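Take these sequences, add in the hints, and give me the full structure.
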Amino acid sequence: MKIEIPASTHLQELGYPVFKIHSAVRVGKQFGLSRNVMLKGTGLDEDALSDTTTIVSLGQVASVYASFVENGLGTEAAFALGKALTPIQYGAFGVAIATATSMAGGFDTVFLYPELECPVVRMPLEFHEDMTHHIFKDNIQATGLHRFLIEVQTAMAVTFMETVNGAPFPIQEAWFTYDGADEKARYDALFGCPLRFGQPYNAFLFETRALKLPYVEANALINADMNDLCSRQSLRLRKNQLFASRVTALMTANLAASLTADAVSAQLGISERTLRRKLEDEGVTFKALLQQFRLRSAVHMIRNHRLAVDEIAHRLGYSAPSNFRSAFKSWTGLTVGEFSNLEEPLNRD
Numbered sequence: 002m003k004i005e006i007p008a009s010t011h012l013q014e015l016g017y018p019v020f021k022i023h024s025a026v027r028v029g030k031q032f033g034l035s036r037n038v039m040l041k042g043t044g045l046d047e048d049a050l051s052d053t054t055t056i057v058s059l060g061q062v063a064s065v066y067a068s069f070v071e072n073g074l075g076t077e078a079a080f081a082l083g084k085a086l087t088p089i090q091y092g093a094f095g096v097a098i099a100t101a102t103s104m105a106g107g108f109d110t111v112f113l114y115p116e117l118e119c120p121v122v123r124m125p126l127e128f129h130e131d132m133t134h135h136i137f138k139d140n141i142q143a144t145g146l147h148r149f150l151i152e153v154q155t156a157m158a159v160t161f162m163e164t165v166n167g168a169p170f171p172i173q174e175a176w177f178t179y180d181g182a183d184e185k186a187r188y189d190a191l192f193g194c195p196l197r198f199g200q201p202y203n204a205f206l207f208e209t210r211a212l213k214l215p216y217v218e219a220n221a222l223i224n225a226d227m228n229d230l231c232s233r234q235s236l237r238l239r240k241n242q243l244f245a246s247r248v249t250a251l252m253t254a255n256l257a258a259s260l261t262a263d264a265v266s267a268q269l270g271i272s273e274r275t276l277r278r279k280l281e282d283e284g285v286t287f288k289a290l291l292q293q294f295r296l297r298s299a300v301h302m303i304r305n306h307r308l309a310v311d312e313i314a315h316r317l318g319y320s321a322p323s324n325f326r327s328a329f330k331s332w333t334g335l336t337v338g339e340f341s342n343l344e345e346p347l348n349r350d
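According to the numbering used here, numbering within the sequence shown proceeds without interruption in unit steps and concludes at 350.
Just so you know, these hints were derived from the structure itself, not from any lab.
Note that the structure is a prediction, hence the values are computed from the model and not measured.
A virtual CB, placed ideally from N, CA and C, is assigned to each residue, including glycine.
Each hint should be verified, as a subset may be incorrect.
With a straight-line Cα cutoff of 30 Å, these simulated DSSO-like cross-link-like pairs (lysine-lysine) come out [stated by the list, open to error]:
1) 84 with 3
2) 279 with 138
3) 84 with 213
4) 84 with 41
5) 138 with 330
6) 30 with 84
Now the in silico label distances, taken between C-beta atoms and shown as ranges [to be verified]:
7) 33 with 173: 30 to 40 Å
8) 127 with 288: 16 to 26 Å
9) 324 with 144: 41 to 51 Å
10) 44 with 272: 30 to 40 Å
11) 261 with 308: 22 to 32 Å
12) 261 with 221: 35 to 45 Å
13) 2 with 271: 35 to 45 Å
Okay, here's the thing in structure tokens:
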């Protein structure tokens, strides 16, 4: 079966580290795939995989993953790929997550530096009263590749979280949109929780209080150094990334300014109509991008700077603190105070 990677703009732009392809080639060889087969059509070679300055597109990563499926490899290989993506394989980004104070701080790093994660699958959090849904959204949308991508990413997440937690990821349920009954034994062995197939979306469900669990390798000094390195790496990559990333960078540089489509388009020297069209070409609206930016920024300010609500509202361009409080509640399902309480780690004893 030949898998066609969509020609979407967001899949073609260069702007991500090469580590996922490097890791996939290493694992693929264990399953009998040659480097040439896996890299066919990507324009990459062995030298590129060994060069730390190589930047790739999501489409290139997806193409390598597609070679597994096209050659008859399924769940076993996908899980092996995910398990191979340990914190150290992510470099400074992985170490920054692993040395955070708690799971909440680890997720904050993911929110801040999405380009370093190389999101073939996006992983937002949704809060539902006392439960958090860690969602896995297919960012490639290639026919025949969806299940493989989700299997890679969920295997990565559960293995990654067990490493940094020092204990199994406390998943209450694992949801999948497809029917995985054909590989239920492998799923049971990996996830160790009730499985729900045929669900509206792919997700891990866990108690929100688990976000306070301390990481076993928490280290404030190393974490600060790694976050500084992540910031510099992220800025370098964004120069080659999507138009949406340029818009987000502009928002970051203009906190407390008017973050309207008209103001942002003026800063970019284009019309508002062109701004909206370019974003739509990448599958995102200005409203959604602004909401995502404000949520990430708010989470970062609450966790890392302990700023008052009035100050956060001002920095994010809200006319009144009450408007920010209302928006934050709609984003997370929690008040700012409730969310702030997640910051302090639980005592494992």
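Going down the list of hints, with the structure as the test:
no.: 1; hint: 84 with 3; verdict: 26 Å, holds
no.: 2; hint: 279 with 138; verdict: 22 Å, holds
no.: 3; hint: 84 with 213; verdict: 24 Å, holds
no.: 4; hint: 84 with 41; verdict: 24 Å, holds
no.: 5; hint: 138 with 330; verdict: 22 Å, holds
no.: 6; hint: 30 with 84; verdict: 15 Å, holds
no.: 7; hint: 33 with 173: 30 to 40 Å; verdict: 37 Å, holds
no.: 8; hint: 127 with 288: 16 to 26 Å; verdict: 18 Å, holds
no.: 9; hint: 324 with 144: 41 to 51 Å; verdict: 42 Å, holds
no.: 10; hint: 44 with 272: 30 to 40 Å; verdict: 34 Å, holds
no.: 11; hint: 261 with 308: 22 to 32 Å; verdict: 23 Å, holds
no.: 12; hint: 261 with 221: 35 to 45 Å; verdict: 38 Å, holds
no.: 13; hint: 2 with 271: 35 to 45 Å; verdict: 41 Å, holds
When held up to the earlier numbered hints, the structure conflicts with none and fits them all.
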